[in-house]
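2 protein chains.
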Amino acid sequence: MIRSIDVIFSPDLLSSICLEGKTVVVIDILRATTTITFAIANGATYIKPVLTPERAFAIRQKQPNMLIGGERYGKLVDGFNLGNSPSEYQRSVVSGRSVVITTTNGTRTMRACMSAKQVFIGSFLNLGALIRVLDQANNHIIFVCSGREGQFCTEDALFAGSCVNALCQGQNDVCLTDAAKTSQLLFQTHHQQVFESIQNSDHGRYLTSIGLESDLEFCSRVDLVDVVPVMINGRISLCDVF
Amino acid sequence: MIRSIDVIFSPDLLSSICLEGKTVVVIDILRATTTITFAIANGATYIKPVLTPERAFAIRQKQPNMLIGGERYGKLVDGFNLGNSPSEYQRSVVSGRSVVITTTNGTRTMRACMSAKQVFIGSFLNLGALIRVLDQANNHIIFVCSGREGQFCTEDALFAGSCVNALCQGQNDVCLTDAAKTSQLLFQTHHQQVFESIQNSDHGRYLTSIGLESDLEFCSRVDLVDVVPVMINGRISLCDVF
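These protein sequence lines map, in sequence, to chains Y and V. Mapping of the first sequence onto the working numbering: position 198 corresponds to residue 198, and the numbering continues sequentially without gaps. Add 1000 to a position in the second sequence, counting from 1, and you land on the number used in the working numbering.
Be aware that one or more of the hints could be misleading.
Sample of chain V residues with no beta-carbon within 10 Å of chain Y, all distances over it, derived [claimed, not checked]:
no., residue
1, 1002
2, 1013
3, 1055
4, 1065
5, 1111
6, 1191
7, 1213
8, 1234
Straight line, CA to CA, 30 Å or less: simulated BS3-like cross-link-like pairs of lysine-lysine [what the hints assert, rightly or not]:
no., chain 1, residue 1, chain 2, residue 2
9, V, 1075, Y, 117
10, Y, 75, V, 1181
11, V, 1062, V, 1075
12, V, 1062, Y, 181
Since the hints were made in silico from the structure, they are not lab data. Glycine is no exception: its CB is placed at the ideal position from the N, C-alpha and C atoms.
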């Protein structure tokens, strides 16, 4: 039974939050958690989020079979196998492979959430599957948005709001924080224009400006896959709870 | 002519924001900026926000005529002249006096904004006067919410949204960030229930729980006074721009 839901709008706001014993969902719709969800759905063995490109190169040096993916300020890093467009992570590329990923916002959030009891990866791609897993979760759920360079961003809050809305269906006694209520309002206002909201967001407009508009459409797809990635000891793999 | 408006939901998100050359409005509806607005309207010479009670006591030791006001976790600090209920700061108490104030959230935000070109103090009490001043401001306005212990809070975002909404009236070319748009949505949804929104907010419920419910009604009053406090060199006094 879920009793309380909080939404944290930036990893920079985590310092005063106790994650111990809590169920956390990390969100970086544009694009890390969308990419990771798609990679896991396509059979990637595991994803290891790291903070820097240097760390990613060091890991591949020891394990040459690993792929390196990610971005800095939206763009491919020299020497990486893959960028951060989810559509790059097709089955033919990632099935049976492990991937080290480093991104500007998302991987920083994942690393910052490691003290939680459970850490799930959420995106519109796996919304339904995520809700099924969260419905079985413990009393306290915290959605942690990656934001954009530390700042609030619409697409992450919108997704958090879609989860809050789904989790509250038929439950009257869920305690929502101010941030959870505001996220829910955002979703209730824009639920019929998810793609347009993402397109008009600060980050969406930036990605469009660097030629990545097609990613926005991909990242807006709801229930494209039926998996939930879970992070255990710093590795993200398929959650087999359900 | 205003060109862009941003809203920062917590002083903890300021580290990556450049305030230089910008016009900033500090918001702590419950209750520091409401209290300061009321004190300035009632003739306080100036307000000096400081970070700790120790600093406040040290200043009064040098200037025994100063009053000390503020709170920690909503409650009066031993040895202070005044708490943080705006209604305490009546003309009979503060006229012609200077006040050192330290609060859990608001004064921290004010100190963090000192690098801005201009720093105004906003509250529902002086909404109309603030908008008149901001209409003459420079191209970039940033509303900085104090939040509650670093976290997003509804009442500050709601007030930021009321300002965004007013400043956008009749202007088509104002660029709003994701946070500014979300604040505006919050206001547009709840503008007829400002008091109820504050009452139902996390901080509002906390203040009610410690017997300060009457402050919520006070802090919800729109246009009670016609002043704008401005912070210059760490001192807040009456802005005489208009």
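For each hint, the structure was consulted:
Every CB of chain Y is more than 10 Å from the CB of residue 1002(V) (nearest about 18 Å), matching its label as outside the interface. Consistency note on residue 1013(V): stated as away from chain Y, yet its beta-carbon is not over 10 Å from all of that chain's, at 6 Å minimum. With a minimum CB-CB distance of about 22 Å to chain Y, residue 1055(V) clears the 10 Å threshold, and the non-interface call stands. No Cβ of chain Y approaches the Cβ of residue 1065(V) within 10 Å, the least distance being about 37 Å, so the stated non-interface status holds.
Taking the minimum C-beta to C-beta distance to chain Y, about 18 Å, the non-interface status of residue 1111(V) holds against the 10 Å cut. Non-interface status of residue 1191(V) relative to chain Y is upheld: no Cβ of that chain comes within 10 Å, the nearest being about 13 Å off. Separation of residue 1213(V) from chain Y is adequate, the least Cβ-Cβ distance of about 18 Å exceeding the 10 Å criterion. Residue 1234(V), annotated as away from the interface, keeps every beta carbon of chain Y farther than 10 Å; the closest lies near 25 Å.
Restraint check for residue 1075(V) and residue 117(Y): the C-alpha separation of about 34 Å exceeds 30 Å, so the hint is violated. Annotation: proposed proximity of residue 75(Y) to residue 1181(V) holds, straight-line Cα distance about 27 Å (limit 30 Å). As the CA atoms of residue 1062(V) and residue 1075(V) are separated by approximately 25 Å, the hinted pair is consistent with the 30 Å bound. Restraint check for residue 1062(V) and residue 181(Y): not satisfied, since their Cα atoms lie roughly 46 Å apart, outside the 30 Å limit.
Hint compliance for this structure: hints 2, 9, 12 are broken, all remaining hints hold.
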